[in-house]
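J.: Sequence:
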Amino acid sequence: MKKGHKYGTHRVISPKGVLPQPADKLDNNMDEIYDNEILIDVQTLNIDSASFTQISNQAGGDKAKIAEIMLDIVRKTRKTPT
Numbered sequence: 001m002k003k004g005h006k007y008g009t010h011r012v013i014s015p016k017g018v019l020p021q022p023a024d025k026l027d028n029n030m031d032e033i034y035d036n037e038i039l040i041d042v043q044t045l046n047i048d049s050a051s052f053t054q055i056s057n058q059a060g061g062d063k064a065k066i067a068e069i070m071l072d073i074v075r076k077t078r079k080t081p082t
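The UniProt record's numbering puts the first residue of the sequence shown at 1, with every later residue one more than the last.
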């Protein structure tokens, strides 16, 4: 098992040298789990109010469009909105 950085920076794709939270893109490949990680199933994402309001406004309140925007964010950045 590979040794992961204690702050998770081994998962940062860009920009290099930042922590995972402000990173633009993360490596979410779960084929290899590092020694400081656990693999879990996620059924619910908790999005902060400001981000959700922005996404909802962008989608005009349409639930399907909100879902589409959220999934697009996850696909592009490999992480949830911050």
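Be careful, since some hints might not be right.
Computed Cβ-Cβ distance ranges for the label pairs, DEER-style [to be verified]:
id, residue 1, residue 2, range
1, E32, Q54, 30 to 38 angstroms
2, S49, I13, 37 to 45 angstroms
3, Q58, M1, 39 to 47 angstroms
4, G61, D35, 40 to 48 angstroms
5, D72, S49, 15 to 23 angstroms
6, Q58, L26, 20 to 28 angstroms
7, Q21, D41, 20 to 28 angstroms
8, K63, N28, 40 to 48 angstroms
9, E37, P15, 16 to 24 angstroms
10, V74, P15, 31 to 39 angstroms
11, K2, S49, 32 to 40 angstroms
12, D62, M1, 42 to 50 angstroms
13, D62, K6, 39 to 47 angstroms
14, S49, M1, 35 to 43 angstroms
Don't read these hints as lab results, they were simulated from the structure.
Idealized CB from N, CA, C, for every residue including glycine.
J.: Each hint: holds or not?
T.: Evaluated hints:
no.: 1; hint: E32 - Q54: 30 to 38 angstroms; in the structure: 34 angstroms, holds
no.: 2; hint: S49 - I13: 37 to 45 angstroms; in the structure: 28 angstroms, violated
no.: 3; hint: Q58 - M1: 39 to 47 angstroms; in the structure: 41 angstroms, holds
no.: 4; hint: G61 - D35: 40 to 48 angstroms; in the structure: 44 angstroms, holds
no.: 5; hint: D72 - S49: 15 to 23 angstroms; in the structure: 20 angstroms, holds
no.: 6; hint: Q58 - L26: 20 to 28 angstroms; in the structure: 22 angstroms, holds
no.: 7; hint: Q21 - D41: 20 to 28 angstroms; in the structure: 22 angstroms, holds
no.: 8; hint: K63 - N28: 40 to 48 angstroms; in the structure: 25 angstroms, violated
no.: 9; hint: E37 - P15: 16 to 24 angstroms; in the structure: 22 angstroms, holds
no.: 10; hint: V74 - P15: 31 to 39 angstroms; in the structure: 19 angstroms, violated
no.: 11; hint: K2 - S49: 32 to 40 angstroms; in the structure: 37 angstroms, holds
no.: 12; hint: D62 - M1: 42 to 50 angstroms; in the structure: 44 angstroms, holds
no.: 13; hint: D62 - K6: 39 to 47 angstroms; in the structure: 42 angstroms, holds
no.: 14; hint: S49 - M1: 35 to 43 angstroms; in the structure: 38 angstroms, holds
In summary, the numbered hints that this structure violates are 2, 8, 10.
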